[in-house]
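**Q** For reference, the chains in residue letters:
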Amino acid sequence: MTENEMLKKFIKDAFEKGLIEAVMAPSATQDSYTYALITKKEDVDKLTPIAPVMQWNGADMIRRITKLKKSERKLLAILRPCESRTYKELVKFNQINPENIIVLTYDCPGTVHARNYKYEPTSSEKLIEEMKSGKISNKIRESCSVCEYPTPIKGVGDIGLGIVNTTEPVFFSLSDKGKEFLAGMGINEGERDDSSWVKLHRDNREKWLKEERITGGRKGLEEFLSSCLNCHNCKDMCPICFCKECFFEDHSVFDYESNKFYNWADDKDGIRLPTDKSLFHVGRLIHMGTSCIGCGLCQQACPMDIPLYRLFGIVGNDLQKVFNYKPGVNDDIPPVMDFREDELHEFEGLFGGEE
Amino acid sequence: MTEKKFDPVIVGFFCNWCTSAAADLAGTSRLHYPASIRPIRVMCSSTVDPVYLVRALQEGADATILGGCHPGDCHYITGNYKARRRVAIVKTVLKSLGFDDTRVLLEWISGSEGPKFARVMNEYTDYIKKRGPSDFKYLDSLGGEKVD
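Quick note, the sequences are listed as chains H and U, same order. Heads up: the first sequence begins at 1 in my numbering, then just goes up one per residue. Heads up: the second sequence begins at 1 in my numbering, then just goes up one per residue.
The shape of chain H in the complex, shown without the other chains (with noise of 0.2 Å):
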């Protein structure tokens, strides 16, 4: 039996069982796979709950069905490991509300380029068993081989699958709800160990978080973002980018009168239109980089195939590390939340402090 078969199976137990009344899955169309939300249990067969592809954060998702209200019925969320951490952010940032969901992860074997998969179509079992033999997938996106929690964690989400390192797949439980979850499923928790598998994606991040930084200033930037539309795919991809409204899309602010626009060109010998389209970027770091989760998804978005997520990533890893926070992992409350009163003097004054 396939994991995919598997998780149908659960699925449908877990319906037969009364637990759940709903299920968020991945589920195929022509050229990719999209989340679709069931209620039936004779739909579950549509589903594919292991997708080779993600087109959108299912967390993201979630945080539609619950903008107005809560859950009303018990939801099963199947989502990636990046995911149910983007999942647990949106928590803390009260854009889910968590009651009656109940989310479920697995080891991921990480995800094709939705645009590769139109033209090249792989299927999860094959990736799936690419992770089996120990190797990361050479057809999987760069953030997904590069990923820094690739299986469940334990407080993030409430079900997990474990898929490497054994023979036969083992759920067990991430949470009290998800204890209570398989209990009620009749299922015995099992254990298996992903630590090989996490090592390497990390040793590959460690690489990548070296070789691929952005560097020089505003040449770097320049060169990187040279082919950039100012389309704000990135932008409207990215989970933690909730904001109802955005700083860059209220276009008044970027108003000015014609003079402005001459006496810039005449000041900087020159200017390139639209005059915000770095700007765009450097703010979108600033607002939202303490929390990049790490999906890579402003990358698979753009049109015009910009490394997006070496920006997002590397500088999102530095900002993470000056305030000691990893998002989406553990209860820490995100930076732009919360203070110390006593922190960060390196930052104040122009020599770090000394006065």
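Hints were generated in silico from the structure; no laboratory data involved. Even glycine gets a Cβ: it sits at the ideal position worked out from N, Cα and C. Hints should not be assumed to be uniformly reliable.
[Said to hold, decoys possible] Here are the computed distance ranges between Cβ atoms for each label pair:
id : chain 1 : residue 1 : chain 2 : residue 2 : range
1  : U       : Gly72     : H       : Lys40     : 58 to 64 Å
2  : H       : Ser258    : U       : Gly27     : 47 to 53 Å
3  : U       : Gly72     : H       : Lys17     : 55 to 61 Å
4  : U       : Met43     : H       : Pro307    : 53 to 59 Å
5  : U       : Gly27     : H       : Asn263    : 24 to 30 Å
6  : U       : Arg30     : H       : Glu257    : 32 to 38 Å
[To be verified] Now the stretches of chain U that chain H is said to cover, found in silico as 3 or more residues with beta-carbon under 8 Å:
id : region
7  : 11–20
8  : 43–54
9  : 106–112
10 : 132–144
Based on the hints, put chain U in the right spot on chain H.
**A** Chain U only, in chain H's frame:
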């Protein structure tokens, strides 16, 4: 154009209750501070979205100063702690991308510290004069030479 003496533009966001009052005090005490400072009075240092700082830098400022009350003295109790976190974020992002992070300055200047206000403004202007024009303002422009 390059032969002209470099006269920096420094945008200051000063909190209404402390640093702006210090600026007034420095003025009434007839203390000299450079005209390169362009003060903007804000109600609290924490009302300044970090994007305003980088936006000022891009639109032509050579440096920005965020002035607030000393920690513990905030008129709104905790505003300046939040401002400090935001400045930490801006500086880290600038540094991370290879920009000069000293172009953003966070200073605590209370309402009675007129002399300190004048001193900080003088010192910072001298410092920026030495550093030369900011690279950031040439972001997305055709001009600018190699600076820092």
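**Q** All hints, please: hold or fail.
**A** Hint check:
1. The hinted range of 58 to 64 Å is satisfied by U/Gly72 and H/Lys40, whose Cβ atoms lie roughly 59 Å apart.
2. About 35 Å separates the C-beta atoms of H/Ser258 and U/Gly27, a value inconsistent with the hinted range of 47 to 53 Å.
3. Taking the beta carbon of each, U/Gly72 and H/Lys17 are about 56 Å apart, inside 55 to 61 Å as hinted.
4. The beta-carbon spacing between U/Met43 and H/Pro307, approximately 41 Å, falls outside the hinted interval of 53 to 59 Å.
5. Taken as a hint, the range 24 to 30 Å holds for the pair U/Gly27 and H/Asn263, whose Cβ atoms sit roughly 28 Å apart.
6. A hinted range of 32 to 38 Å for the beta carbons of U/Arg30 and H/Glu257 is consistent with their spacing of about 37 Å.
7. Counting residues of the region 11–20 of chain U whose beta carbon lies closer than 8 Å to any beta carbon of chain H gives 0, which falls below the threshold of three, so the coverage claim is violated.
8. Proximity of the region 43–54 of chain U to chain H, defined as three or more residues with a beta carbon under 8 Å from a beta carbon of that chain, is established by the 4 residues found.
9. Coverage of the region 106–112 of chain U by chain H holds. Counting CB-CB distances below 8 Å, 3 residues qualify, and the rule asks for three or more.
10. Remark: the region 132–144 of chain U is confirmed as covered by chain H, as 10 of its residues place a Cβ nearer than 8 Å to a Cβ of that chain, reaching the required three.
The structure shown violates the earlier hints numbered 2, 4 and 7.
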